[in-house]
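Kindly produce the complete structure, drawing on both the sequences and the hints.
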Amino acid sequence: MIISSMAKNGGILAAFALITTGAVTLVQQYTASKIAIQEKKQLQGLLQQVLPASQYDNDLYLDCTTVNTPQLGPRESYTVYRARRQGKVIALVLQSTAANGYSGNIDMISAVYPDGTVSGVRVTKHNETPGLGDKVETKRSDWIYSFANKQVQGADDERWAVKKDGGMFDQFTGATITPRAVVTTVKSTVLYAQQHFDTLATADNHCLAEEQS
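Just so you know, we're using my numbering here: the sequence shown kicks off at 3 and counts up by one.
Treat the hints as calculated values from the structure; they're not laboratory data. Values in this document were obtained by computation on a predicted structure and should not be read as measured data. Do not rely on the hints blindly, as some may be mistaken.
Pairwise CB distance ranges (calculated) [what the hints assert, rightly or not]:
(1) G133 x N60: 37 to 47 Å
(2) E160 x T68: 10 to 20 Å
(3) T175 x H198: 32 to 42 Å
(4) T204 x D117: 27 to 37 Å
(5) D172 x L210: 35 to 45 Å
(6) L48 x H208: 17 to 27 Å
(7) N60 x G168: 37 to 47 Å
(8) N102 x D59: 36 to 46 Å
(9) Q46 x A205: 20 to 30 Å
Even glycine gets a Cβ: it sits at the ideal position worked out from N, Cα and C.
Okay, structure coming up:
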């Protein structure tokens with residue numbers, strides 16, 4: 003009698019555990035799907051900020067390769083998106099990191115044309131001081147827009163520096179380290195894009211593989 007009762011209770015507990023586990027799994031899958039959709043929308047919006055969608059006809063966020071190079075920063079790998087028009091790559095959008103910001107790493111993306119002209123730059127993550135270094139954000143100032151249509155004319159292009167260092171970019175009042183770090187990294191990113199444009203344009207598509215997996 004006791005054994006039968008224990009077996010019955012054990013069965014109920016097992017069934018409850020299975021139902022609970024199944025419910026948690028379903029919630030996790032639903033939540034993960036919602037997060038993935040939101041992240042995709044954010045990525046698409048960010049890519050369109052640095053490179054107008056009217057300039058390309060492919061799904062930019064589904065056309066990319068990954069690279070590991072100190073020219074883009076200290077992280078293990080960076081994504082390079084490829085904008086195409088009628089199959090031809092007309093621009094690259096590269097992730098990069100300025101490792102020498104005032105408060106640490108400054109992550110960003112930069113859209114670059116083959117001739118070294120910048121379409122746009124946006125900071126995607128930083129820990130800079132509010133009211134000073136955070137002026138790299140578009141909601142804090144329009145400073146980041148100053149990169150648009152600027153061209154890097156070689157590694158010795160001295161214009162790519164803040165005005166305090168003899169360059170063409172403004173520094174922030176009371177904060178020179180942050181803009182200096184961003185300018186230096188964007189220049190390095192543009193040079194990398196120029197030097198490896200054809201290789202990056204023809205590399206295997208890692209984004210599509212991730213989407214299909």
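**Hint check against the structure, violated hint numbers in rising order** = 2 and 4
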